[in-house]
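Undergrad: The lines below spell out each chain.
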Amino acid sequence: MIGFDVTGFILSWAVFFSIYSILAISLNLETGLTGMANFGKVAFYGLGAYFTGYVSIELFLRLHGLDYPIYSTDAIVALGKLSAEQPSLNLSVFLLTLVGSFLFAGAIGFLIMLPALRVGPAFFGITVLSFGEMLRIFLRHYRAVGATYGLTGIPHPLAWVGGTFHKELGFALIALSLLIFTYIYAQRITNSPLGRLLKAIRDDETATLYLGKNVPIVKGKVLFIGSGMAGVAGCLYAYYLGSITPNAFLPAVTFEVWAMMLLGGVGNNRGAILGAGIVTFLDRSTAALNFIFPNLIIDPNFIRWMLIGMIIVVVLLFKPEGIIKEEYVWTPAWRLLEAKAEARRKAFKELVRRLIKRR
Amino acid sequence: MLTFLEFINAVWIGSVYFISAAGLTLSYRVTRILNFAYTNMITLGAYLAVILTLNGTGNLLVLIPIVFVAGSLLAIGMHYFVFSRLMSLKATPLMLMASSIGIWIFLKYVYYGIVGYLQRAWKVGLYQATPNLNLDWGLNAYGVELSGAFVASIALAAASILSLYLFLIKTRMGKALRAVADNPSLAEVSGIPSEKVMYVTWFIAGGLASLSGLMWALFSIVTPEVGDSLILEIFAVSVIGGLYSIPMTAFGAYVISGAENLLMPILHDTIGLEVSFRPFIAFFTLLVVILIKPPLGAAGALPYRFRLRRRER
Numbered sequence: 001m002i003g004f005d006v007t008g009f010i011l012s013w014a015v016f017f018s019i020y021s022i023l024a025i026s027l028n029l030e031t032g033l034t035g036m037a038n039f040g041k042v043a044f045y046g047l048g049a050y051f052t053g054y055v056s057i058e059l060f061l062r063l064h065g066l067d068y069p070i071y072s073t074d075a076i077v078a079l080g081k082l083s084a085e086q087p088s089l090n091l092s093v094f095l096l097t098l099v100g101s102f103l104f105a106g107a108i109g110f111l112i113m114l115p116a117l118r119v120g121p122a123f124f125g126i127t128v129l130s131f132g133e134m135l136r137i138f139l140r141h142y143r144a145v146g147a148t149y150g151l152t153g154i155p156h157p158l159a160w161v162g163g164t165f166h167k168e169l170g171f172a173l174i175a176l177s178l179l180i181f182t183y184i185y186a187q188r189i190t191n192s193p194l195g196r197l198l199k200a201i202r203d204d205e206t207a208t209l210y211l212g213k214n215v216p217i218v219k220g221k222v223l224f225i226g227s228g229m230a231g232v233a234g235c236l237y238a239y240y241l242g243s244i245t246p247n248a249f250l251p252a253v254t255f256e257v258w259a260m261m262l263l264g265g266v267g268n269n270r271g272a273i274l275g276a277g278i279v280t281f282l283d284r285s286t287a288a289l290n291f292i293f294p295n296l297i298i299d300p301n302f303i304r305w306m307l308i309g310m311i312i313v314v315v316l317l318f319k320p321e322g323i324i325k326e327e328y329v330w331t332p333a334w335r336l337l338e339a340k341a342e343a344r345r346k347a348f349k350e351l352v353r354r355l356i357k358r359r
Numbered sequence: 001m002l003t004f005l006e007f008i009n010a011v012w013i014g015s016v017y018f019i020s021a022a023g024l025t026l027s028y029r030v031t032r033i034l035n036f037a038y039t040n041m042i043t044l045g046a047y048l049a050v051i052l053t054l055n056g057t058g059n060l061l062v063l064i065p066i067v068f069v070a071g072s073l074l075a076i077g078m079h080y081f082v083f084s085r086l087m088s089l090k091a092t093p094l095m096l097m098a099s100s101i102g103i104w105i106f107l108k109y110v111y112y113g114i115v116g117y118l119q120r121a122w123k124v125g126l127y128q129a130t131p132n133l134n135l136d137w138g139l140n141a142y143g144v145e146l147s148g149a150f151v152a153s154i155a156l157a158a159a160s161i162l163s164l165y166l167f168l169i170k171t172r173m174g175k176a177l178r179a180v181a182d183n184p185s186l187a188e189v190s191g192i193p194s195e196k197v198m199y200v201t202w203f204i205a206g207g208l209a210s211l212s213g214l215m216w217a218l219f220s221i222v223t224p225e226v227g228d229s230l231i232l233e234i235f236a237v238s239v240i241g242g243l244y245s246i247p248m249t250a251f252g253a254y255v256i257s258g259a260e261n262l263l264m265p266i267l268h269d270t271i272g273l274e275v276s277f278r279p280f281i282a283f284f285t286l287l288v289v290i291l292i293k294p295p296l297g298a299a300g301a302l303p304y305r306f307r308l309r310r311r312e313r
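Protein sequences appear in the order of chains L and X. Under the numbering used here, residue 359 is the last one in the first sequence; the count climbs by one each step, no gaps. Under the numbering used here, residue 313 is the last one in the second sequence; the count climbs by one each step, no gaps.
What the hints contain is simulated information worked out from the structure, not anything from laboratory work. Possibly wrong hints are sitting among the right ones.
Here's a subset of chain X near chain L, in silico, CB distances under 7 Å, partners left out [as the list claims (entries may be wrong)]: (1) L34; (2) R85; (3) P93; (4) L94; (5) M97; (6) S99; (7) G102; (8) I103; (9) I105; (10) F106; (11) Y109; (12) Y111; (13) F219; (14) E274; (15) P279; (16) I290.
No residue lacks a Cβ here, since even glycine has one placed at the ideal position from N, Cα and C.
Please put together the full structure from these sequences, using the hints given.
TA: This is how it looks when you write it as structure tokens:
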């Protein structure tokens with residue numbers, strides 16, 4: 001256990017937990033609620049990350065009047081100096097890219113709606129999966145975003161804070177607050193009339209269509225929101241690591257998120273967060289295992305991926321509903337009934353108490 | 001300029017695509033599962049070819065049945081342990097596909113673990129290996145030289161497709177298989193044991209996948225990622241065939257392989273496109289085919305159309 005940093009472990013786990021929870025919640029909106037198998041989650045995650053990296057580096061360099069190409073060494077050195085100078089610039093670029101990556105990834109997700117309408121759930125999965133792979137291959141060869149080397153030197157929003165610990169803690173808090181915001185937003189959607197419509201589409205698309213609902217547009221909306229959330233997760237990832245390469249966005253990431261959603265509970269946002277917590281903890285602890293015992297017979301990385309594959313199969317076989325079951329939609333009518341029942345219960349208790357007193 | 005070698009490669013890779021896509025199409029038609037774990041059968045075939053010929057006395061005729069049966073057993077095991085149970089739980093096609101992805105990841109890293117272990121134990125490089133087969137002979141006719149490995153794999157492909165055809169057309173089981181593929185409920189009512197038919201299908205499909213892995217090993221380097229690098233191309237080929245027709249699958253296989261091996265060098269020479277953009281072609285074809293002419297039924301889609309509503313006058 002020499003040199004194993006417990007606080008660092010917890011902080012990095014908190015950041016990865018937030019990133020993956022946001023991904024799992026967005027996948028849950030698309031797959032758990034609407035029934036669209038999104039096997040290309042990683043594409044939108046990568047789009048968000050690349051948007052963030054590109055825009056923030058470009059803005060930093062151009063606002064300071066430097067015209068190095070973004071993948072040059074000069075640019076990386078300059079970014080390292082510049083990022084600690086103006087806190088207001090750092091934070092405003094962070095906010096801008098956060099919103100921008102939501103809109104950018106969301107818009108592309110909305111365009112993916114076209115194939116979604118033509119083919120059924122399984123083929124939609126394959127279409128989106130191959131879209132993700134195409135995007136990755138494209139990024140690997142596109143010189144403007146650094147090709148195979150990716151983007152390096154993305155200015156950390158809290159680079160001006162002195163001390164690594166405070167910086168990490170601040171970023172973990174930002175990530176966790178974004179997760180809470182996403183959770184509340186997803187919960188509002190789930191418990192709204194839109195949420196009920198989504199569940200109707202999942203359970204019987206034809207019937208929903210014949211009830212006069214515009215199913216294609218609704219699916220497009222959900223893809224916009226879900227992809228936008230994945231974009232936000234990508235934005236956090238880019239800022240946290242400071243450098244991104246195309247090979248960080250392999251299809252395997254999507255399957256990890258699937259394992260989280262299935263393990264936690266399909267159609268339940270809290271379940272998605274729980275699943276993300278468990279899987280990211282496994283992930284981080286195998287990384288720590290690698291650090292503590294350098295010479296294992298099997299690479300801990302392989303064990304981790306085997307576990308993820310096993311989680312998917314075992315959960316589907318033995319507990320298809322996941323750890324937390326899907327809940328009913330919390331509609332205004334339910335709320336009213338619940339309030340009335342609560343009032344009646346109170347009145348009954350009051351009555352009983354009075355009767356006892358009288359005696 | 002195009003060389004003769006590029007034509008040879010196009011035919012060779014096209015045959016690999018064809019054999020594996022034929023198995024995929026067959027298994028999808030009968031079981032209605034889009035099986036991503038199909039990659040593992042391909043990788044298994046390729047690795048068995050490497051591991052069984054390590055001492056240098058590999059005989060292709062002995063290797064073929066072993067590889068075929070190993071792939072079949074893997075496929076049957078998957079069906080027995082996972083798919084048949086999920087089917088009896090009335091899982092949706094989506095969840096079947098998700099489970100196949102789980103198996104895919106699990107087995108892929110099991111392979112990585114085993115290969116890494118064997119590499120340490122036997123002290124041979126296995127992460128990037130080629131099989132050791134005595135295929136040094138070649139055919140020389142009309143000034144055209146063909147290597148032994150090429151002739152062997154083309155013969156293997158032709159033989160397996162011919163026997164698949166004869167099986168489907170001539171035998172009783174083949175007819176039952178086609179009946180289940182066309183209409184499962186009607187077949188069930190007519191007294192065809194669909195469970196047994198499914199096992200037979202997996203036997204054939206797994207064997208074909210494994211054989212295509214063997215064919216791949218004859219001309220290329222084997223890594224634990226062989227299946228992964230092929231699977232999206234194979235899906236593209238199957239989708240071009242509409243996941244229905246074997247002749248159309250053959251057409252798709254040779255078109256995609258031709259585009260990758262013949263069109264790509266031309267594009268590289270004329271407009272300077274990098275050769276590593278090669279996988280783009282398959283994905284692009286897949287997207288275009290799915291958008292323009294989705295496969296038959298396309299796994300439960302509603303026929304939405306983007307049409308402007310006509311105003312009534």
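Undergrad: So, for every hint listed, does it hold in this structure?
TA: Hints, one by one, checked against the model:
| no. | hint | verdict |
| --- | --- | --- |
| 1 | L34 | holds (5 Å) |
| 2 | R85 | holds (6 Å) |
| 3 | P93 | holds (5 Å) |
| 4 | L94 | holds (5 Å) |
| 5 | M97 | holds (5 Å) |
| 6 | S99 | holds (5 Å) |
| 7 | G102 | holds (3 Å) |
| 8 | I103 | holds (6 Å) |
| 9 | I105 | holds (4 Å) |
| 10 | F106 | holds (3 Å) |
| 11 | Y109 | holds (4 Å) |
| 12 | Y111 | violated (9 Å) |
| 13 | F219 | violated (23 Å) |
| 14 | E274 | holds (6 Å) |
| 15 | P279 | holds (6 Å) |
| 16 | I290 | holds (5 Å) |
The earlier numbered hints that this structure contradicts are 12, 13.
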